[in-house]
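Chains as they are written, first to last, in this note's numbering: chain H, 1 to 177; chain R, 1 to 394; chain E, 1 to 633; chain P, 1 to 100.
Bear in mind the hints are in silico, worked out from the structure with no lab data behind them.
Simulated DEER-style distance windows between Cβ atoms: (1) R/ILE293 x H/VAL146: 51 to 57 Å; (2) H/ALA107 x P/ASP57: 25 to 31 Å; (3) R/VAL85 x E/VAL603: 55 to 61 Å; (4) H/LEU142 x R/PRO72: 52 to 58 Å; (5) P/ASN86 x H/VAL146: 31 to 37 Å; (6) R/PRO72 x H/ALA107: 48 to 54 Å.
Heads up, the beta-carbon is just placed ideally off N, CA and C, and yes, glycines get one too.
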Amino acid sequence: METLLYLVFGLVALVGGVLVIVNRNPVYSALSLVLTMFAVSALYILQQAYFVAAVQIVVYAGAIVVLFLFVIMLLNLGDQGNLPAASGTRRFVGALLGVTFAGIVGAVVWEYASTAGPAAAAAGDIDHTKSLARVLFQNYLLPFEVVSIVLLAALVGVLALIRTHGRGLDSSEADNV
Amino acid sequence: MSTLLIQIVVALAKALFIILLVLTAVPILVWAERRVSAWMQDRHGPNRVGPAGLLQPIADGIKFLTKEVLIPAHVDRKLYLAAPVILLVPSLMTGAIIPWSKPIPADSALGGLLSAVNWAPDGIPFQVAQINVGVLYFFAMASLAVYGIILAGWASNNKYTLLGGLRASAQVISYELSLGLAILSVLLIVGTLQLNTIVEWQAGGMWMVFAQPVTWVIFTIAALAETNRAPFDLAECEQELVGGYHTEYSGMTFATFFLAEYANMTMSAALNVCLFWGGYTFFGLEQILPWWITFGIFLAKVAAFLFLFLLIRWTFPRFRYDQLMRLGWKMLLPLALGNVVLTALGLAAHEMWGVPLWPALIVGQVALIGGVALVSVMRTKAESAGSAESQARA
Amino acid sequence: MLAPTALLFLPLLAGVLINGLLGAKLPKWFSAALGCGAMGASFLGALIVVPLVSGGAVGDQVLWTWMAAGSFSVDVALKYDALSCVMALIITGVSFLIHIYAAGYMSHEDERGLSRFYTYLNLFVFSMLVLVLGNNYALMFVGWEGVGLCSYLLIGFWYDRERKTGDSTYPSQAAKKAFIVNRIGDFGFLIAIFLMFTTFGTLQFDAIFSNAQIAEGGPALMWGKPVLWWITALLFVGAIGKSAQIPLYVWLPDAMQGPTPVSALIHAATMVTAGVYMVARSNVLYTLAGTGPSLVAPVGIITAAFAATMALTSFDFKGVLAYSTVSQLGYMFVGVGLGAYGAGVAHLMTHAFFKGLLFLTAGSVLHAMRDVGDIRRMGGLSRKMPITFVTFVVAALAIAGFPFLSGFFSKDAILLAAYQQSQWMFWLGAIAAGLTALYMFRLLAIAFLGQSRDQKLFDAAHESPWVMTLPLIVLAVLSATAGAVLGLHEDGLFYRFLADVLNAEHHGTTTMTPMFISVALGLAGMVVGILIYRGKSVDQLNRGNAISALPRAKWYVDEAYDAAIVRPIHEASRWVLWRFVDKWIIDGIVNASAGAVYAVGGVLRNVQTGVVQTYAALILAGAVVLLFVKGLL
Amino acid sequence: MSDFAICLAVSAALFTLGVVGVLVKRNAIVVFMCIELMLNAANLAFVTFSRQHGTVDGQIFVFFVMAIAAAEVAIGLSIIVTVFRNRASINVDDVTMLRR
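Next up, chain H with everything else stripped away, as it sits in the complex (with noise of 0.2 Å):
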């Protein structure tokens, strides 16, 4: 039973994986994308990892691809949105190349997961939210703290960015929006 559900969601990934190249158009493929990670939470929730699952919809589907949409519109493409894929070279390198590296993986995948044995008992802690966060703030917080100055830099990098020389931020965006 649950093995079924495994292989639907995982599937439903893929299918979103694919359809993300496949569309013209980035709507869509942000679209796809969003039901990837769909799929990919229920995995999480399948795994016991409620926390993480959460998590990826909040970040992923309501931040990220949010924010891609965002791009997407204020750019207003047109037609130029809908680019042709790329010639057929590139799609036959870039395809072979991705099957060599697929079947590489996948052999290593196969062995590895055929070797492994049942999950291991501690299991039962793994959803706990309490315990995530005190492995993440005891063991990692120093990476944690990292991540955001990590992020704090991200921003600042944004701001450097996207800033017009002469010309307010508000102004300009503010009546674009």
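Fit chains R, E and P to the given chain H structure using the hints.
This is chains R, E and P only, laid out in the frame that chain H set:
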């Protein structure tokens, strides 16, 4: 296997009940809105169809249903039709984690029926899903609501709708932060993400709002903005954008947007009640009252909140876009951050030095209010000094 | 011992750094005062060292480890013993006087020039102290190269002076010549150092000297000579270069292109004696190897006589003195070569006094004569510059071996050693002593006595200022009295002081015969010099004869070198190295590698599309290959 | 086929899809989406291994990846906006200044 199937059936039944509940609430809300607005503006409002116009929403609904769904040319058909549904579904899904009443005791008729398939000593929770990341789930679903708006705006292939969609997405992303931070301080105090536990924590009249008034204010404002209700309804402001993101919609598709907006309001109010106003509890009375009366208490509280939303809508003028952004980023966000810090400090004082919890939290809130007052006074002074200076220079 | 060491070295270092880095911005008086002050402080340090050393044995002072690689380890360490502190005292003392003198002599330079001059001068003394105080051959070599560098810089001090018409030498040319000729000697020195390391496993003096017996008994290295013979011979090659002996003396006369204080300090008093010091320092080796009598002393005595002939025919004031220096250095090598190390060092010291003095008087004269050094345009200068004249006379008497002046003691000690060991060397030395007196008094007679030959220059001539005459007087006093005061006579104070370091050897009995012979020849030379050359006109001076033609042309040594070495190298470089090796082989390699890079780049350029995805694809391809290889392994 | 293997296989396939998308697509925004796909694939693998090993460290890593992804998207999209402002194009083939 069969147990699982029955569990699924029960869950589906609960879900269906809640959806129906919300969908029933919407016509009443529509009617209430029109009557309240009329009352506030000193006019009659709808009063022809049925007693006091009570049947007016039904007449409207029939009209929407029978009207042709007009699909303009040059729209993206699929997304155009999907957008209202995408908007409605997450708001209905939100209802899954709301504890609508106290657990249904096993010795009651309904409880007996349910416990036959799903035995629980403490009774059957009147809650579709007791997810252990409950509040986060609500948060996730709320953040999805923006897709409906943004897709509607884009799919309509109309500059007004597009602008409406953009505004909505920016607004929702901005206020999500304050909303999350406001919820965070509640979570810090209770120490769990499960909504029923949060409600039980407040049993006996120790409602969160008494300990966290500032948090409640932040939450309410952010939630209003999240639901695109006035005074934050810039995505659909008639004066600038005709009808905003739903300009191109008509008939049942338009009705779905309507439905979604009121469903959103209801869920937002329900969460507000759960987090801050004790949910189904009422000063300990819920211990002795039967579960369906606590359900009634909960509904009454939600209704009161909805009434508050209506009052706000018809009282406050709409924000300008830059004012909206300033409020979100420059006032609410710092305030929410400070709130979290002070709450955490209060909790730390409680846990480490044994300071009683409530005074510790209240002191934090008072300090926050004092800080806000100080900053605003200083800013006013600086502004007046600045203007005096500029006048002198002029 | 650390305090005197610091006093010896640090002021000079400070002077070098301050004058070198900030000199152009400092006022001239400050640069000069800084240079002289640093020198004076260093002299003070040397004065402190002497009683410490004479009071008892002072061991080597290890400052820090310079370099260590495997068994090879060299310390920056100083050796304080009688020899090194005598050398330090001579160097700092004479240098101090010359520093002061230079303040007057170089007063026409601008701020840049003056500070540069004092920078080099201080750096020179610093290097010289490293040379004489180092306790191993590596550190000695550092000082050796340091003084060589300073010599190069100072000879070429007026590097911007053009080639004078009809003159084959000019400062930058002379500087290069000195540097390159010295390289030949340094090459020998370096090989000697390598040999010592492979033989003894160390470069420290004491360790080498105490193990020298082993090497002496070892197998023959080449041509039937033991390794120690080669070591000492090659060391002496270094000394030949630095101390201007045959066949590498040619750089020294040209080095007179430098400022006169430099000639006095470096090319008379201190640097050129470094070779003598080295041989004296290595006396244990030389005594064991027997190289001294067979190689060092013959080279020295031949140089002494040979250079004297050229001094006799030169018309350049400083040129006479330069050849005289070469000649006197030859005497010193005779001393140290014949085992009379004390005598050699004593002559080194007295020579520093009187030859320094002679050069300073030369500077004084040049100063007065507007840098005209040709003695045929001088004459009668004794009337214009009495102090210079008197000090010159004292110095000339000292170098000529006039009884009881300093040169008398030191030169006769050397001639005594020669008399005891080798008759031909003694007679050649005695003749050279006579020639020394002859050319000195020839110079005296032409330049200072008689009538002026260039009235315009004569009228403008004047006595030098006190900063220049004061060192003259001090040095004159030293030249006159050093022998008697310091006890340069046999078994005197000086020799007893040095006895620990220098194993004085006594051959046969002491005799007065050589002294009488050399004094007689010297006095004869003086009288003859005065009589012949006093009041000669320019034409009479120019009129040469068969005997004087060859030495006047400097025996065509420069020309011979030019034809035998310089030209072949030039031509070979031009036709083989440049036209063939450089143009075809080296340029070919360079161009071929550049062309290969260009060709490969031309192919790889296609990868550089600027499209990020191409790069991503390449990265992925690399990852695939890596994974594949990893899988295969 | 165990659940574990399914998740890993999905992860690998998703990653490959992302790679192919990055290589093939021309629209810079979609290229970014494909990068997100790859990150998600990695996250899925993290969570799967975390479950397999019975520790939460893998999930912690997912948070870090998400935080970095958020930063990366913010920067990346603002770069795209800037490029679009200057060149009126979001075709990655048009942005070839790396060549010079």
